[in-house]
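Two independent chains are provided; combine them into the complex using the hints.
Chains as they are written, first to last, in numbering that gives the first Met the number 0: chain A, 0 to 288; chain B, 0 to 803.
Heads up, some of the hints might be wrong.
What the hints assert, rightly or not - For lysine-lysine, the following BS3-like pairs were computed, each having C-alpha atoms within a straight-line distance of at most 30 Å:
no.: 1; chain 1: B; residue 1: Lys67; chain 2: B; residue 2: Lys21
no.: 2; chain 1: B; residue 1: Lys25; chain 2: B; residue 2: Lys578
no.: 3; chain 1: A; residue 1: Lys26; chain 2: A; residue 2: Lys1
no.: 4; chain 1: A; residue 1: Lys1; chain 2: B; residue 2: Lys116
no.: 5; chain 1: B; residue 1: Lys67; chain 2: B; residue 2: Lys25
no.: 6; chain 1: B; residue 1: Lys67; chain 2: A; residue 2: Lys1
Just so you know, the hints here were simulated from the structure itself, not pulled from any lab data.
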Amino acid sequence: MKPAPFEYLRATSVSEALEFLQHDDAKIIAGGQSLVPMMNFRLAQPERLVDINAIAELTEISEDGADIVIGSLVRHAEAMRSPLLARRLPVIAEAMRHVAHLAIRNRGTVGGSLVHADPSAEWPLLVALLNGEIIVEGPEERRYLAAEEFFIAPLVTDIGEDEILTAVRFPEPPSGAGMAFDEVARRAGDFAMAASGALVQVEGGVIRDLRVALGGVGDGPVRASALEEELTGKPVDAVSVADIAELACEGLEPMTDLHASAEYRLHLVPVLVGRVLETALARAAGGRA
Amino acid sequence: MNDLPRKPLGPDADALASARPKYVGKAVQRLEDPRLLTGAGRYTADIRADRMVHAAFLRSEQAHARIKSIDCEAARGLPGVTGVYTAADFAGIPVIKAPSRMRDYRATSCTVLASEKVRYVGEPVAVVIARDRYIAEDALALIEVDWEPLDVAADPESAAYDGAPLLHDELGTNILFERVFETGEPDDAMAQAPHRVSGRFRMHRKSPLAIEPRSYVAEPDRANDGLTLYGSTQIPGILRDILSGLLDLPGSRIRVVAPDVGGGFGGKGSLYPEEIAVCALARRLGRTVKWVSDRSEDLASTSQGFDEIIEAELGFDDDGALIALKGRVTGDIGAYSIYPWTAALEPVQVVSFLPGPYRIPHYRGEVKGVATPKPPTGPYRGVGRPASVFVTERLIDMAAAHLGIDPAGMRRKNLVAEDEFPYRIGSGIVWDRSGFAECLDEACSRIGYEGLRKLQREARAAGRWYGIGIATYAELTGIGSRISVAPGMPINTGTETASIRVDSTGAVTATFAVASHGQSLETTLAQIVAEELGVRPEDVRIVQGDSGATSHGTGTYASRSAVLGGGAAIVTSRVLRDKIKRVASHLLEAAVEDIETGNGRVFVAGTDKSVTFAEVAHAVYSDMRALPAEARENLEASESYDPVTGTTTTATHIATVRIDPETLAVSIDRYLVAEDCGRMINPLVVDGQVHGGVAQGVGAALLEELSYDETGQLLTGSLADYTVPTAAEVPPIEVFHLETELPGNPGGFRGMGEGGTIGAPAAIANAISDALSPLGVGVTELPVTPERLFRLVSEARNKTDTEK
Chain A
0 MKPAPFEYLR ATSVSEALEF LQHDDAKIIA GGQSLVPMMN FRLAQPERLV DINAIAELTE
60 ISEDGADIVI GSLVRHAEAM RSPLLARRLP VIAEAMRHVA HLAIRNRGTV GGSLVHADPS
120 AEWPLLVALL NGEIIVEGPE ERRYLAAEEF FIAPLVTDIG EDEILTAVRF PEPPSGAGMA
180 FDEVARRAGD FAMAASGALV QVEGGVIRDL RVALGGVGDG PVRASALEEE LTGKPVDAVS
240 VADIAELACE GLEPMTDLHA SAEYRLHLVP VLVGRVLETA LARAAGGRA
Chain B
0 MNDLPRKPLG PDADALASAR PKYVGKAVQR LEDPRLLTGA GRYTADIRAD RMVHAAFLRS
60 EQAHARIKSI DCEAARGLPG VTGVYTAADF AGIPVIKAPS RMRDYRATSC TVLASEKVRY
120 VGEPVAVVIA RDRYIAEDAL ALIEVDWEPL DVAADPESAA YDGAPLLHDE LGTNILFERV
180 FETGEPDDAM AQAPHRVSGR FRMHRKSPLA IEPRSYVAEP DRANDGLTLY GSTQIPGILR
240 DILSGLLDLP GSRIRVVAPD VGGGFGGKGS LYPEEIAVCA LARRLGRTVK WVSDRSEDLA
300 STSQGFDEII EAELGFDDDG ALIALKGRVT GDIGAYSIYP WTAALEPVQV VSFLPGPYRI
360 PHYRGEVKGV ATPKPPTGPY RGVGRPASVF VTERLIDMAA AHLGIDPAGM RRKNLVAEDE
420 FPYRIGSGIV WDRSGFAECL DEACSRIGYE GLRKLQREAR AAGRWYGIGI ATYAELTGIG
480 SRISVAPGMP INTGTETASI RVDSTGAVTA TFAVASHGQS LETTLAQIVA EELGVRPEDV
540 RIVQGDSGAT SHGTGTYASR SAVLGGGAAI VTSRVLRDKI KRVASHLLEA AVEDIETGNG
600 RVFVAGTDKS VTFAEVAHAV YSDMRALPAE ARENLEASES YDPVTGTTTT ATHIATVRID
660 PETLAVSIDR YLVAEDCGRM INPLVVDGQV HGGVAQGVGA ALLEELSYDE TGQLLTGSLA
720 DYTVPTAAEV PPIEVFHLET ELPGNPGGFR GMGEGGTIGA PAAIANAISD ALSPLGVGVT
780 ELPVTPERLF RLVSEARNKT DTEK
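Just chain B, same shape as in the assembly (with noise of 0.2 Å):
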């Protein structure tokens, strides 16, 4: 090695960025894919063991109901039957609550089976254990149950007056929490504005529907009296923590390992009794257990999300100045306040970010959230921001239709501008400087936003209906401990920690308590590990999801995993090249400060003298004349990130869209996006988030509602009503990046994974409100079913009879 040639590589910048290239922000194709195309990737379902046993759960058919007996003798007799469980054999386990320090709220009480009584429609009630998942569905249909049922309030509105059944009777009231948000003078300055706008919005609760159902193999190790929980979740680090608790079992002994996940979208970012179930009786039985979700059980049993009634008022002067907000959100939260986010996850973020990118003087936002006989709500990807923006944008509209002014105008008018950042809006939430108003020019030029204007004239001239939408937003992501301790829970999300190491053969393995579920996060973080290290994105082997791998962490979710996950890959690779260097340095016989790392090499920089990873971690771990023996670290690195804040993501949505005045059928003709998410890791993972939100946000506006009637029954309990988009529903989409000012975190990078889904509900609402603005109304209730709209035009077309 030491008697390599001196030659110089030539001085010019082309020669190092070829020996050191840069991953970061190139379209690397994504890692996981040959291993999911070709089906060699491993979900839970995959998963089977010697003697497994299977699970199905008796579930309510009852929203609110007394539990009077239940016989499960014949189901215990059926053959291939191992057994039936009631709330009673899971006496041993604690109730679980979720905790939160905030004031005046109240923590649900909920045990893994239901005892006493059920509070929705799918609440599991009994287990069986058999031998397959036939004969447990057998067993399932001989459980007799004698309930008695009581009184039902299913909408949070009934469910918020005193002397409404009670959920909870020990908590005394449905209400779990109100909060007030308040800046200036709300009351006074909205009262003193020239114009007003006001509207009470409705967004319907919707599921989260990840095409992999929830799924979970406890397998219990007899040998160390331990567990293991293969499971389809967002959440391991939170699962072990929270299970090692309720099992009575140290960390070291119970492992919760997500294999490939098919997305989770927040419906797998919770604790689930069924988890606490397959554990308790895989230790019970010393078999593995196995449980996977059917679709009716995944729409009737996954934490729903998005159900809000909106009551909100804009006022502005003449000139669209915005001078006040107000808003009046209800939560219909379901059940139980779910772990570990609380109820108020979902609500309180619609009035923290109702002022939006906006500069608004005066705010006050009053939010409660109400227990109703359904399932508990959870996070839902973009929890509370769609709500939110889509109430901001509707007034913005509203406000702009009300002066003559331009939707697009009034916004600009009214973005936080580039001297005002970082600006703190009337919640609380400080953004740091993006590219609100450039994402708005840039969306409207690639668009051709006055081109569209005059289209949308003519279109009018003949009769056709055509509205044009917009949708600007910020969100603030990748939140760090300073933020993330707000809401009062007992767990820290604030934090990632990465280890990286180099073993002795030269390769290189990175351990992430992330747990991705389709971000690509073993391509991105993988990308920022091979850059810093000097290796090939391929090199890197990317381990996360697997609790038993690191001391710490909770998962991915809250558009967080490429910030916090990415910030720690890098300080920790930075770390580890620095030991790397110095032991090259003894090896090339260099300055530290002359070597350099690149394609799986480190070499004296500007010469051809180099040794690989390889020989490298030889001489470290098996070569013991290589080096002295101070020399000899450890190839090995583990250091933790936290970003302490948050950083702003923004948005501006554009969507074009025809509606057929007979049939009143909606077409979206165009959608465009232009998003400013700092520096891009992926730009192919960037638009496939955008992608995928975008056609979230498509069912949330036009198709997705999970309806409940009056008896707390579910009416949507397939897929032939729960209507989801597909790929006919969901237009081609158009996304342009924009890099403003990059975020003070070590990558530069702001979190982007929900931004689609916050846009779209608003940006399709506003362009069908725009198409119907010469009737005279607009929409105020997500989604915009056809029924929704036709109710909506008759009314018009009545009035406008009338008016005759």
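With the rest of the complex left out, here is chain A (with noise of 0.2 Å):
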């Protein structure tokens, strides 16, 4: 379990890394927690490793305007403990809670996270839930893509090879939305066998805005669309949560693996639909008590 020889470089600006980048076998390296273990199992043998974790510009949290910017090297601990995300995106913390074991939070990152694409992590869901545009940076060019641009399958991206995932910019979510995570793993940590987060705004006992994610039941984060159509203008009291979550599931396809089957995954969306439904529409301004 040792990886083949690599070469090392260390990038202090987004330019010099992207310079470094120019090589045919290039691999960036941030906090190493998806890309160690697979150059450790050699499932992964850059020729090269370019070290972002010099680049100050990548590590903050800002709000530009109305929106926040999360900087690609942030790590999940950081994203977690935000007294501004806590404000604004509460969401992300609860989600964050669920991200593997505290060392790996403390060391792990949002750009890793996203450019790695396990269809069961935090990351890539939230990104779908919160209509976040994925920042990405190249050579020639800057780039915005939404979740469904740059998921294109599980651990596969829209990124190319000379690009960085610089940031993640979060539009102001509706106002009074009432957001919320949840998901089921085998073990504290572990990738979730299903996982769904919600977000609901509802204005005069009518439910305006509804979105629902879902992550580890298809090729990468899905939104449950038809749900959402279902009950975008119905008002909040008609609906009944437990009723209307079999929705979720319609057009998924998730996959088999050692932990769960496609029926069991199939089982527990909308379980988890209905659960974070409920506490987003208990936290949503003049949604139920």
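And the structure:
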């Protein structure tokens, strides 16, 4: 379990990192929580590692007008503890508690989780839920990608070999929106067998905006659009969550692996969706008590 | 010394007690902890030597295949590589067989590296020696093996059929042994029993998974044509003996040392090809060779455990009295019969212990061990009994449910009673008096069993799933020579020897052949020696885990070290104490009978006349004027102890679980153990062993499973997929100790290191089954993963829907 030989370069700016990436077989290393095990298993054998940990500009969580921008080098633990995120997007901290264990949360980064694109991971789901925009810097241009553009397949994204994910930008959520996240994993900290996040805005007793995102049940993060359409515009009092949660399964084709079959994952989806919807509704201004 | 004033210390017992303190039974803090907790421990991986080279093994990616050719040229050419070796390079080493006099047993032949064919994924095929491990692994990637895949029968039932692909052609079958244990008339009694319950139970394969993976450093002694093997092993003595033969070196020139070892759980209790390989290469190269297993190799090549299919039936009368038990066990033993324990170890224990602590007049246990293309199974904490207790305790609960009797009452009715000991169960195991019913009663009363049943009724009324599971078991520990010969192995595990000496400075060193790998033996043996000799525990240096320090001894496994090692410590200390007293009687001019020892002093009871151990030693070894020559006895003793039979340890575990009816997540709510391990040497250590054992049992019950697919490929090759319990999955554990009647060994000790793992799978399986009982389903397969629970519950719900 030792990696194959590689060349190591440490970049101190995005432009320098982009320069170092001009190579046939280079890979960025940030927190190393996915890449290093893959290198030790020799499943990944990059010839060159470009270390971006010294690029200060990627470590910020900041407000840009009404938007929230999270730099790609922000660690899961920092996102979990951030007062700004706690105030503006509390669902992020709620989800971070499910990310692996303390040591991994201290090292692992937002950008690393997004480019690794494990379908069960929390960050891809959050980007889908919160209509986030993934910012990718390349030698020629800067690109802004929504979740459905960025995530292509399990462990496959739209990022080029010569590009860096620099940040993810979240627009201001609808005012008074309630949010919630939950997942089911085998052990505390394991990848989710199924995960769900919900965001709901209620005005005058009517659901104005509703988003439900799912993880662990598809090629990447999935939005439960049939459910969203069904509920948007409905009076809250007319909604029985238990009755409609099944709609979240529409179109899903989860995978079967060692830990959970597709059938079990499909069984978990309405359960989780029901729970996060109830919680989000309870948290929404003007929602249920 | 002789002119000390005579002053009475006072007639009360307190004074004598403080002059002669007791340490056995006290919560003495672990003497090894300061070293281990400050990073001063020395594990095998910490050992370095001048010009040391590193080994890496190429392992089979095939479960069953012929090796047509191996091309090592490119690997040999890599800069930094010392050599690349295949089976032919070890041709001088005899084939390894685990012999046994057991009838109808077939030993397998195993070579250091696979020659001609491989029999499991992970079997070593070639070894690279290089300047560092990185280069060694780079070289592995350059070795090309041309395989001819052979047919695979990966599951033991298909491998047992005539015509199944043979792993060992020369044996003509994959069945390595078959045995039957029978008492009474099991067929007739079962047929006539008013009630019967039965099931097909499955316990899946597990890894012992010590936190320190297997590690070996072989250091040649070129000056003496000798060799020292440092290794993470539980059995340095057994290794020294077998390696002496394999390497053709007298025992005086080969030494096996287990330095600090980070857990074993049985996985470091057998002979491994890597141990032989590093020794042979160190001798061939004249350089120290190091190999440290990585976690993937550990999962793929360390001996595995608990892999059985058990069909069992229990017959009983209207009152719940047990009449007959029948069990048929098919053990999936993997590719080789492991040295020295043989393939029979685990599956035979299942049928040996299936009747458990119960009065069952009629019994038949049939067992066969089948070779499959998987790593060899070997000892794993609990050996056989986690499976047998799982099956028997499930059957007891099923029987209780069948009759509508409370499970605790069902057990109480059938447990061997106080006046029935010694009791011989249907397999021939004899239980000496141990607190069977007492532990059950203690557990029920401590946990508030009646209250829990009330809680359960309320939970059910509210639609919540809540279950209570009991497991009562007995195990035979501290096994002496009469029992240890039964499996017919050519080694003796039934005795232990202690050598204790007081050196010329008065310091005490006690040497044992046990090999602590987390059991706290440096503390508990020191407590025993200290109390018997009359010094403080911290004054006793325990030497163990070094074959060079003892003539014979096997190591630490099978819950034997407290009973055998502790027994040897007592008998040897007493011989030495008598010598010290005789010497002191000269120095103190008092009768030997009046002399006592304590706190490092030797004194005349009831007086303040005393000498220190250092003064006694000085008189014996250094001051040639102090004693008449005939009174100069060397202050050392060496005695062996043989418990002859075994001693019974028992416990009742009670688990309560909550199951989320929607997600089917299981959480263990309470976990309580009431156990009788005789006289405790150190309650801190006993609690720690129970906690660790239960944690491993939680793994067996809910999480841990080595999955192999139908082609013999390992699917759980890393700790992302082989899921062990973490702190979050292990509940707080309440432990209560009982001492009903002390066994007849010198210390009154019973072995208890494995019990936690034996009771927990059954207790948790019963608790889950109890929670699910309104659905009419129960657990028959462990671990109960979320997926298995989902299948079980879906099946029940579909059945209910169909019936509607």
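Now for the hints, and whether the structure bears them out:
1. B:Lys67 x B:Lys21: violated, 66 Å
2. B:Lys25 x B:Lys578: holds, 27 Å
3. A:Lys26 x A:Lys1: holds, 17 Å
4. A:Lys1 x B:Lys116: holds, 27 Å
5. B:Lys67 x B:Lys25: Violated, because 62 Å separates the two Cα atoms, which is more than 30 Å.
6. B:Lys67 x A:Lys1: The hint holds at about 28 Å.
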